[in-house]
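Number of protein chains: 2
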Amino acid sequence: MIPQARLEIQKERVVCHTRVQRNVNLEKLQNGYLFPEISMHELQHIRKYPDAKLINLGIGDTTEPIPDIVAVSMAEYAHALSTVEGYRGYGAEQGNKALRKAIAETLYKDVQVKDSEVFVSDGSQCDITRLQYCTCSDNGIKTAEIVMENFMTQAYIDTSVIIGQAGDFEEKSGKFGNIEYMNCGPQNNFFPDLAKTRRTDIIFFCSPNNPTVYVTDDSPRSIFEIPGAKEAVCSVVNYYKENAKILLETLASLGLKVYGGENAPYVWVHFPGSKSWDVFDYILEKTHIITVPGSGFGPGGEEFLRMSTFGHRETILEASKRLKNLFS
Amino acid sequence: MIPQARLEIQKERVVCHTRVQRNVNLEKLQNGYLFPEISMHELQHIRKYPDAKLINLGIGDTTEPIPDIVAVSMAEYAHALSTVEGYRGYGAEQGNKALRKAIAETLYKDVQVKDSEVFVSDGSQCDITRLQYCTCSDNGIKTAEIVMENFMTQAYIDTSVIIGQAGDFEEKSGKFGNIEYMNCGPQNNFFPDLAKTRRTDIIFFCSPNNPTVYVTDDSPRSIFEIPGAKEAVCSVVNYYKENAKILLETLASLGLKVYGGENAPYVWVHFPGSKSWDVFDYILEKTHIITVPGSGFGPGGEEFLRMSTFGHRETILEASKRLKNLFS
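Line order of the protein sequences matches chains A and B.
All letters in the first sequence, in the order written, are residues 35 to 362 by my numbering.
All letters in the second sequence, in the order written, are residues 35 to 362 by my numbering.
For the record, the hints were derived by calculation from the structure and aren't laboratory data.
A few of these clues could be false.
Stated by the list, open to error - To spell it out: a stretch of chain A is covered by chain B in this simulated footprint if at least three of its residues, at any positions, have a beta carbon under 8 Å from a beta carbon of chain B; those stretches are:
{"hint": "1", "stretch": "53 to 63"}
{"hint": "2", "stretch": "97 to 109"}
{"hint": "3", "stretch": "116 to 127"}
{"hint": "4", "stretch": "163 to 169"}
Claimed, not checked - Facing chain B, according to a computed beta carbon distance under 7 Å, are these residues of chain A, among others:
{"hint": "5", "residue": "Ala-112"}
{"hint": "6", "residue": "His-113"}
{"hint": "7", "residue": "Asp-235"}
To be verified - Pairs of lysine-lysine residues, derived as DSSO-like cross-links and limited to a Cα-Cα distance of at most 30 Å, are as follows:
{"hint": "8", "chain 1": "A", "residue 1": "Lys-291", "chain 2": "A", "residue 2": "Lys-309"}
{"hint": "9", "chain 1": "A", "residue 1": "Lys-291", "chain 2": "A", "residue 2": "Lys-143"}
{"hint": "10", "chain 1": "B", "residue 1": "Lys-87", "chain 2": "B", "residue 2": "Lys-320"}
{"hint": "11", "chain 1": "B", "residue 1": "Lys-87", "chain 2": "A", "residue 2": "Lys-131"}
{"hint": "12", "chain 1": "B", "residue 1": "Lys-320", "chain 2": "A", "residue 2": "Lys-87"}
{"hint": "13", "chain 1": "A", "residue 1": "Lys-135", "chain 2": "B", "residue 2": "Lys-87"}
{"hint": "14", "chain 1": "A", "residue 1": "Lys-82", "chain 2": "B", "residue 2": "Lys-135"}
{"hint": "15", "chain 1": "B", "residue 1": "Lys-82", "chain 2": "A", "residue 2": "Lys-135"}
Ideal Cβ placement from N, Cα and C applies to all residues, glycine included.
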């Protein structure tokens with residue numbers, strides 16, 4: 035029943051077929067990852083309107099220069115690598131010792147985590163995949179049941195699919211059969227009621243939540259705990275915060291229900307009764323603005339759009355103007 | 035039949051047991067990764083001889099400063115991030131465009147690879163794991179058969195074990211049941227005879243081979259293809275090459291059969307009839323020199339030791355002196 039994977043290399047008219055079979059779970063992935071899908075819509079739009087001035091409030095990439103103090107520090111480290119005293123070979127496996135100590139003492143002081151228990155990794159997405167492999171195996175026994183919030187960054191769902199823990203995708207509900215979804219929405223401040231959740235082996239939380247950036251309590255530890263960091267980074271953060279305020283007020287003034295945007299670089303806009311890809315296409319067609327359809331984050335995001343507020347000020351002001359023209 | 039995985043958190047006398055089962059394949063891993071194992075031997079040695087002047091020819095970490103031209107370039111890029119013109123957000127998914135173009139034109143010119151076909155990843159080890167997931171799945175069907183050289187970097191074997199493709203470890207042969215091993219040794223210039231190899235789905239090559247650094251042909255493309263790079267990097271490379279020459283000549287003068295070391299930062303020393311961990315322990319005990327037991331690279335490395343020639347010149351000279359005293 036497993037289709038033979040085919041690799042066709044069409045060079046000098048030589049066509050090669052491999053007999054190596056593909057992981058059957060790859061076929062269950064839904065439309066690839068969200069952002070490549072958005073890029074395809076963007077490309078089609080550019081072909082249709084080659085002269086349009088496109089505004090991208092999609093993936094949420096930063097635009098403002100980082101503070102001098104950070105850049106200078108990185109540059110000094112790079113320079114030192116060309117000196118006998120400053121040269122370093124392989125980094126420490128678990129991360130720079132001084133950094134691990136600072137993390138333990140600054141971020142985890144209250145819970146008495148030791149520096150030897152801190153691990154500096156190359157990114158949470160890779161690590162979540164790797165952690166999942168610790169509980170699953172290829173022996174056909176489903177060893178892990180998974181619960182997720184009903185919208186969150188899609189990458190974590192994809193890894194569950196690839197390792198065969200997600201089950202089959204059900205078109206109608208937009209859900210995978212072996213994943214429990216916890217309801218998150220404005221009604222519960224975007225945090226699920228765990229008392230109502232069935233007991234499973236793994237629970238995925240995304241806190242602060244992407245896309246809404248709601249947090250599970252009001253005191254997330256961050257870079258701002260480090261003395262001096264607040265001052266250095268503050269002007270950049272305030273710049274983006276002002277962007278968010280502009281966009282949030284614009285959308286609210288148009289009668290739209292908006293979440294996030296207050297201590298967050300995203301706004302999460304509700305379009306009751308609409309499908310999010312439809313709203314995405316409508317806004318792109320009418321205003322040349324790229325956003326992110328909420329359904330890309332899971333079934334709970336179906337009536338929402340995410341808009342990034344990273345960007346130069348004039349871009350955010352122009353986007354606000356176009357949205358005002360469209361919706362008022 | 036699967037043992038219940040147990041996670042015990044002993045804090046304030048609260049002991050937690052999780053009902054989440056561990057991936058059964060993790061139990062099949064052999065002694066963890068080679069270098070942590072060596073570190074344990076090193077630690078025991080330091081406890082036994084706290085005043086010994088240890089020399090590390092083990093993991094092979096570089097010691098000499100990198101050329102100015104490289105450090106300055108990195109420092110300039112870091113500095114630019116604090117300017118409006120130089121700031122960059124997310125990098126391009128498939129890698130920096132100019133870099134991909136340069137790689138295609140410089141390294142793959144002869145085989146007409148386009149820049150769009152080049153992918154700059156975060157390291158070959160992660161990628162090999164990910165590629166393996168494309169061909170295996172958890173449905174109990176063994177979809178990939180694997181062939182490996184009979185010694186190579188151990189990490190690739192471990193990933194095969196974790197995803198359940200390696201089968202069970204056989205103590206006596208030092209081999210995994212589902213892996214075919216190709217014989218590599220001095221008799222075939224460390225490259226296997228593919229005509230004698232059974233047809234399988236995946237073949238792992240390590241070329242230039244680590245540890246012997248033998249290559250599959252005599253013209254590997256490298257950083258030296260880039261105009262100017264040769265001059266800039268040459269003095270550092272020549273420094274290590276001279277190290278290798280010193281160590282190689284020392285060992286050869288003692289009547290030992292030595293491979294590699296000519297265009298390579300490692301020497302691969304043959305101790306016929308000996309077990310490599312025994313030779314490792316003997317040399318450590320008598321000379322306080324850390325090396326790498328060849329069996330850590332697979333069953334074909336059993337009678338060999340790898341010695342790194344990265345290091346300050348005086349370290350290599352001192353190591354040569356100690357080895358001469360021991361073996362002459």
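Outcome, coverage hint (the stretch 97 to 109 of chain A, chain B; C-beta under 8 Å; three residues) = Since 11 is at least three, the answer is holds.
When you check the alpha-carbon spacing of A/Lys-291 and A/Lys-143, does it fall within 30 Å?
-> With Cα atoms ~38 Å apart, A/Lys-291 and A/Lys-143 exceed 30 Å; violated.
Mind checking the alpha carbons of B/Lys-87 and B/Lys-320 for me, to see if they're no more than 30 Å apart?
-> 12 Å, holds
Keeping to a limit of 30 Å between CA atoms, is the pair of A/Lys-82 and B/Lys-135 held or broken?
-> Status holds; Cα separation ~29 Å.
Quick one, are B/Lys-82 and A/Lys-135 close enough, alpha carbons at most 30 Å?
-> This hinted pair holds, its Cα atoms lying about 29 Å apart.
Within 30 Å, alpha carbon to alpha carbon, are B/Lys-87 and A/Lys-131?
-> Holds. B/Lys-87 to A/Lys-131 sits at ~24 Å (cutoff 30 Å).
Would the stated hint for A/Asp-235 survive a check requiring a Cβ distance to chain B of less than 7 Å?
-> 4 Å, holds
Should the hint that A/Ala-112 touches chain B count as held when the rule is a Cβ pair under 7 Å?
-> Holds, about 4 Å.
Straight-line alpha-carbon gap A/Lys-135 to B/Lys-87, limit 30 Å | 28 Å, holds
Have a go at the A/His-113 hint: is there a Cβ in chain B nearer than 7 Å to its own Cβ?
-> 5 Å, holds
Do three or more residues from the stretch 53 to 63 of chain A put their C-beta atoms closer than 8 Å to C-beta atoms of chain B?
-> Held - the stretch 53 to 63 of chain A has 8 residues with a Cβ nearer than 8 Å to chain B, which meets the minimum of three.
Three or more residues of the stretch 163 to 169 of chain A near chain B by CB distance under 8 Å?
-> holds (count 3)
The structure fails hints 9, 12 (numbered hints given earlier, in ascending order).
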